[in-house]
Amino acid sequence: MIGFAAVGGMAPVANAAEPVVTVAAEDLSSTSAGAADADSSAAAVAGASPSQTLALSCWNARVDGGWFYETCNGKKYKPFVDCSNGYRYISKTYYGGQHNFALQCPARTTAVRGGAIGS
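Residue numbers (numbering that gives the first Met the number 0): 0 to 118.
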């Protein structure tokens, strides 16, 4: 799968009236026994992608209806999803280390693609 840290093109920036999406993350670097539970982060917001670096890598990306799934590893990054309403929703929360992500687009829209931005 192509790394999503270098996704081309810009999606429009949503205005304040646009709905938000929810980001769920599972920390894969946890040293505790058993699988870590997925935590719901703050809702994602639409926005433009800041500059991107090669220190971030993402894989296992797939879309399923309104959901976008991926696994990413990096120092400090934010996952995002592009939805069929033409907007890119970027997590408000920065993540570090390796995480599985599930991002859900707003109601009545589908996920088109996604990735992560940061380092």
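A few of these clues could be false.
[Unchecked claim] The calculated lysine to any residue pairs, modelled on SDA-like cross-linking and capped at a C-alpha distance of 20 Å, are: (1) Lys91 / Trp66; (2) Lys75 / Asn99; (3) Lys75 / Gly64; (4) Lys74 / Pro105; (5) Lys91 / Asn72; (6) Lys75 / Thr92.
Hints listed in this document are in silico derivations from the structure and should not be mistaken for laboratory results.
(message) Hint check: Lys75 vs Gly64, CA-CA at most 20 Å. Holds or violated?
(response) Between Lys75 and Gly64 the Cα gap is close to 28 Å, so the pair fails against 20 Å, i.e. violated.
(request) With a cut-off of 20 Å on the C-alpha distance, tell me whether Lys91 and Trp66 pass. (result) 18 Å, holds
(request) Compare the distance between the alpha carbons of Lys75 and Thr92 with 20 Å, and conclude whether the hinted pair is satisfied. (result) Holds, at roughly 10 Å.
(request) Please work out if Lys91 and Asn72 have their alpha carbons no farther apart than 20 Å. (result) Measuring from Cα to Cα gives roughly 17 Å; hence the hint holds.
(request) Starting from Lys74, check that the Cα of Pro105 is at most 20 Å away, please. (result) Measuring from Cα to Cα gives roughly 28 Å; hence the hint is violated.
(message) Tell me if the straight-line CA distance from Lys75 to Asn99 falls inside 20 Å.
(response) 15 Å, holds
Comparing the model with each numbered hint stated earlier shows that hints 3, 4 do not hold.
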